[in-house]
Every structure is written in structure tokens, then in C-alpha cells.
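Participant: These are the residues of each chain, in order.
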Amino acid sequence: MVGSFIFVPILLLMIVNVLSFSHKSKLHNILFGFGLLTALAQIALVLWPNKNFWQLTANYQFNVIKFNLAADNLTLVMLLAIGLVGLIALIVARGLINDVDQEYNFTNLWFIALTGMNGLVLATDIFSLYVFIEITAVASFILIALTKERDALEGAFKYVIFSSFATVLMLAAIALLVFFAGDTSFAAIANAIKANPGNSLILMGLILYLLSVFIKSGLIPFHGWLPDAYSAAPAITSIFIAGIVTKVVGIYPLIRFVQLTGTLADPLRNILLLVGGTSIVIAALSALGQTNFKRLLAYSSISQMGYIVLGLAAGSALGLAGAILHIFNHAVFKSLLFINAAAVEKQTGTLDIDKMGGLAEKMPYTGATSAIASLSTAGIPPLSGFWSKLLIIIALWNAQLYFYATVAVLASLLTLGYMLTLQRKVFFGQLENAFYETKEAGWQLVLPSLLLAGIILGLGLGFPWLINTWLIPIGKIL
Amino acid sequence: MSFWFFCVCVIMLAVIGVYCLLYTYSLMRALIGIEILIKAVTLLIIAVGYFSQHLALAQSLVITLIVMEVVIMVVAAGIVLGLHHYQKDLDIRKLRELKG
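If you're matching them up, the sequences are chains F and A in order. Heads up: the first sequence begins at 1 in this note's numbering, then just goes up one per residue. Heads up: the second sequence begins at 1 in this note's numbering, then just goes up one per residue.
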């Protein structure tokens with residue numbers, strides 16, 4: 001039954017496209033309705049788990065390929081985040097894209113990306129993981145180049161090159177690991193790693209795998225493509241890709257990696273710590289100097305992913321729980337901030353934060369929700385971002401990684417610095433003359449913003465309840 | 001032929017691919033570089049399957065891999081075509097609009 005997360009979206013997509021029975025605008029409304037239903041069903045299935053649905057693990061066997069699917073607690077959280085950001089992106093697309101053709105294309109690609117991401121988090125073997133990463137990646141290449149503008153194509157091309165190179169590294173890692181495991185399943189690989197401690201070929205395979213997911217998630221120093229792709233992509237694509245796609249494609253395989261290797265061997269752990277720490281600091285410093293709204297958010301994304309990597313490197317259940325909560329939080333506040341950026345761009349026609357000012361007066365909902373999201377990013381209590389950062393920092397401290405714990409705390413101040421600069425330049429201060437006529441963006445943008453801001457507040461306030469019922473059980477998968 | 005002979009071939013192909021990626025100024029040749037790299041890794045998978053007695057598994061992996069590779073290359077070529085439409089040539093040095 002878990003397989004329906006993969007087959008339902010792709011079947012709906014095929015039904016609508018193969019039986020294209022009516023005019024495109026009508027067809028698009030049908031597809032949009034199907035999309036809403038799929039996303040809502042996905043959220044409902046996770047929030048109100050039905051034992052019969054989740055316990056039957058799907059087991060598909062064809063002649064050529066066989067792939068098994070299974071869900072654990074981590075998968076549930078990822079499915080929830082995918083469903084939530086997917087739903088939001090679908091609604092916002094209604095308000096942002098005016099061209100029926102383009103909106104239809106977006107919804108189609110949305111379905112493919114959803115299929116890929118659902119499959120990715122349900123996969124139990126490393127080769128299925130690769131296949132679903134590629135499905136998601138192909139959909140996101142086209143999503144970035146959706147408008148066929150020059151900058152969008154440039155961003156997409158850089159993403160293609162980096163992503164393909166990462167794919168090559170991942171395939172090499174798969175080959176080396178399969179050589180010892182004899183099978184592609186995570187369990188067999190974990191056994192092979194345990195059975196051959198200190199084997200240099202296995203270590204090489206693991207390092208290649210790590211490099212590959214670092215490139216895919218755009219961590220420093222492998223971030224060349226990420227700011228370009230995020231800032232050049234159309235507004236709706238930025239929301240979807242920054243909110244969920246890079247997290248699922250890059251960070252989720254990293255979590256599975258940590259799970260595979262169990263308690264991390266020293267060289268691997270040092271690599272994770274180094275890359276995570278560097279990403280946090282360098283990306284936060286780069287964000288300070290940005291004048292493009294979306295580019296600033298892109299660097300902020302890299303910095304936040306650094307926190308997730310540090311949480312994983314702590315190697316304890318607490319660190320893992322913190323990292324996973326931060327993935328969910330990041331999906332919520334980053335998509336909210338990108339929606340705000342889209343609203344500002346739509347109403348004022350620019351993304352240059354030096355030209356803006358005082359917009360909160362004219363766009364009260366956008367201003368208020370972006371303030372909540374910014375503070376959550378910086379980790380101000382009682383917003384949800386505070387709790388996940390706190391868990392990560394405590395986990396680092398408990399693992400006696402005092403230096404990295406200090407870096408994580410101090411970099412929070414940098415985050416606060418660039419986020420407040422952004423707020424002050426865009427939403428506060430003197431209203432610029434050019435923006436006297438500016439109005440609030442339509443309900444398609446305001447409603448999702450309010451929903452996401454509500455989730456940030458609710459998660460933050462409900463955290464004491466959340467930690468024992470959801471988070472600590474997730475950390476136990478280690 | 002030993003496993004290491006295949007490894008040397010794979011590494012040679014990989015070096016050619018990386019060289020192609022680093023030293024070309026053409027968008028299309030960059031894609032060819034990626035293709036060569038994927039060929040290297042395909043050879044590695046086959047060699048691994050053969051020498052670890054899991055050839056059937058390796059074959060099914062390689063077939064899936066070839067399908068995925070074609071899909072990616074088609075999309076990538078489409079993007080290159082789109083860029084060619086704007087800048088009328090394939091010079092990679094013109095991809096400098098986005099920076100900061």
C-alpha cells in the first residue's frame with residue numbers, strides 16, 4: 001500500500017495527459033484538482049496514520065528490476081514535508097503564473113517531482129535511491145528552465161552539470177559498495193561495512209557517496225550551482241526547489257548514509273563536521289553581502305543545511321532528531337520566505353533589496369509572515385527554528401564537539417544579522433515613493449503564507465509535546 | 001584480465017572526462033565530458049558485477065542507468081539549445097550573468 005505514494009501521482013498524471021479529452025484550460029483545472037487531492041491525502045495519511053495502510057510493505061518484483069519500499073518514522077516526516085510544501089507550491093502557482101500553458105506544464109512537472117521524492121524517501125536500496133534522485137532532478141532541471149528566459153537557462157545548465165557530476169560519483173560509490181555487499185539493499189551494505197572495517201575500497205566508496213550528496217545539497221565548497229539556480233529560477237520554482245527538493249535529494253540520502261555507517265568512523269565524521277561548519281559560516285557571511293532577495297535566501301539555505309549536517313555528525317539520537325526537525329522547519333520557513341520574495345517581486349517588479357523600503361505598510365500580511373519566518377531562521381524562541389537549533393547544539397556539546405557547538409551558536413548571530421538587514425531594507429523604514437500604489441498580493445499567496453506562519457508558531461509552542469511523541473522515536477533509527 | 005586492469009581503464013576514462021569538462025569552452029563538449037564520465041562508471045559497474053559473480057544484478061543496474069542517462073542528456077541538450085537561441089553560440093564563458 002505504501003507504493004500508492006509513487007503510483008497514484010504518476011497514474012493521475014498519465015490519465016489526464018493520455019486521455020487529454022478537452023481544452024487545455026479545463027484539463028489544467030482537473031490536473032490541479034488531482035494535485036490538491038494527492039497532496040492533501042498524503043498529509044492526512046501521515047498525520048492520522050492507519051495501521052493497515054502503513055504495515056503492508058510493498059514488494060514489487062519485475063523481471064529486470066526489483067524494488068522494495070518501506071516506511072519508518074523518518075520517511076513519515078519527509079512525506080509530511082513533501083506533501084505540505086507540494087500543496088503550498090500548487091496553490092501559490094495559481095497566483096504567480098498567468099499563462100495557462102506554463103501553469104499546466106508546472107503542474108505536470110510537479111507530479112513527476114512528487115513521484116520522485118516520495119519514491120526516494122520510501123526506497124530501501126541504494127540503486128532505487130539513485131533512480132528516484134534522477135527522476136526528481138530531471139523534473140527540477142525543467143522546472144528551473146520553465147520560463148525559458150536566458151538567466152533561468154543558465155541556472156538550469158549549471159545545475160545539470162553539477163548534478164550529473166554528482167550522479168557519476170554516486171554511481172561509482174554504488175559500484176564499490178555493491179562489490180562487497182553483493183546486493184544493493186541498505187541492510188546488505190550496512191552489513192558489508194561492518195564486516196570489513198578499515199577496507200580502503202569501502203572507505204573510498206563512502207567518501208565518493210558523501211561528495212555526491214554534498215554536491216547535490218549544495219554545501220560549501222560544492223555550492224557553485226545553488227545560488228544561481230535558486231535566484232534565476234521562476235518564483236514558483238524557487239519555492240518548490242528551495243523548500244523541499246534539494247533537501248530530499250541532498251540531505252535525505254545523507255541521513256541514510258549516517259544510518260548505514262552506524263556510529264560514524266572518524267575520517268567520515270571529520271569530513272561532515274568540516275563541511276557543515278564551513279557551510280554555516282561562509283554562507284552566512286556571503287548572505288550578508290547580497291542585494292538580491294532570492295540570492296540572499298539561497299545563501300541562507302546553504303547555511304541552514306550546514307546546521308543539519310552538524311546535527312548528523314554529532315552521531316547521537318538527539319542530533320539526528322534535531323537534524324530531522326530542522327529539515328522540516330527549514331522546509332516551512334524557507335518556502336515561506338520564498339513566497340514572500342515572490343509576493344514582493346510580483347507587486348513591485350524588483351528583487352533588489354536596496355531599492356525597497358517600508359513595504360510592510362502596504363503589504364501587511366507579507367511583512368508580518370516574513371518577520372516570523374526570519375526570526376525562526378535565526379533561532380529566536382519560541383519559534384520552531386529555535387528548538388531544532390537548540391537540539392543540534394546540545395547534541396554537539398554532548399558529543400564533546402565544543403568548537404563546533406560554539407560555531408553553531410555564533411553563526412546564529414550572523415543569521416540574525418542578515419535576516420534583520422533584509423527585514424529592515426525591505427519591509428521597514430521609509431516607504432519609497434515608487435511603491436505608494438503597491439497592494440498586498442492575492443489570496444493565493446497570502447493564505448499559504450499565513451498557514452506556514454501558523455505552523456512555525458504552533459510547532460514552536462507545541463514543542464514540549466512534540467519531542468516525546470515524535471522526535472525522540474525518530475532518532476532511534478540510528 | 002584482472003579487476004585492476006578494468007580499474008585502470010575506468011580511471012583513464014574518468015580522467016579524460018574530467019579533462020574534457022575542465023578544458024572546454026563549449027556547452028556541448030561539457031555534456032560530452034559528462035557522457036564519458038558516465039561511460040567510465042558504467043564500465044566500473046560491469047567489472048564489479050563480473051568479478052563479484054553478480055553479473056545479473058550489474059546488468060540490470062546498467063540498463064536502468066542507460067535509460068536515466070538518456071533522459072538527462074535530452075533535457076540537458078534542450079537547455080543548451082535554449083541558451084544557443086539567446087547567445088547564438090555555445091561559448092561557456094558567456095554564462096557569467098549570474099554572480100555574487
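There's no promise every hint is true.
Lysine-lysine pairs mimicking DSS-like chemistry, simulated, CA-CA at most 27 Å apart [stated by the list, open to error]:
#: 1; chain 1: A; residue 1: K88; chain 2: F; residue 2: K148
#: 2; chain 1: F; residue 1: K439; chain 2: F; residue 2: K362
#: 3; chain 1: F; residue 1: K355; chain 2: F; residue 2: K439
#: 4; chain 1: F; residue 1: K346; chain 2: F; residue 2: K425
#: 5; chain 1: A; residue 1: K94; chain 2: F; residue 2: K148
Calculated directly from the structure, the hints in this document are not laboratory data.
Participant: Please go over all the hints and tell whether each is borne out by the structure.
Facilitator: Verification of the supplied hints:
no., hint, result
1, A:K88 to F:K148, "holds, 15 Å"
2, F:K439 to F:K362, "holds, 6 Å"
3, F:K355 to F:K439, "holds, 17 Å"
4, F:K346 to F:K425, "holds, 17 Å"
5, A:K94 to F:K148, "holds, 17 Å"
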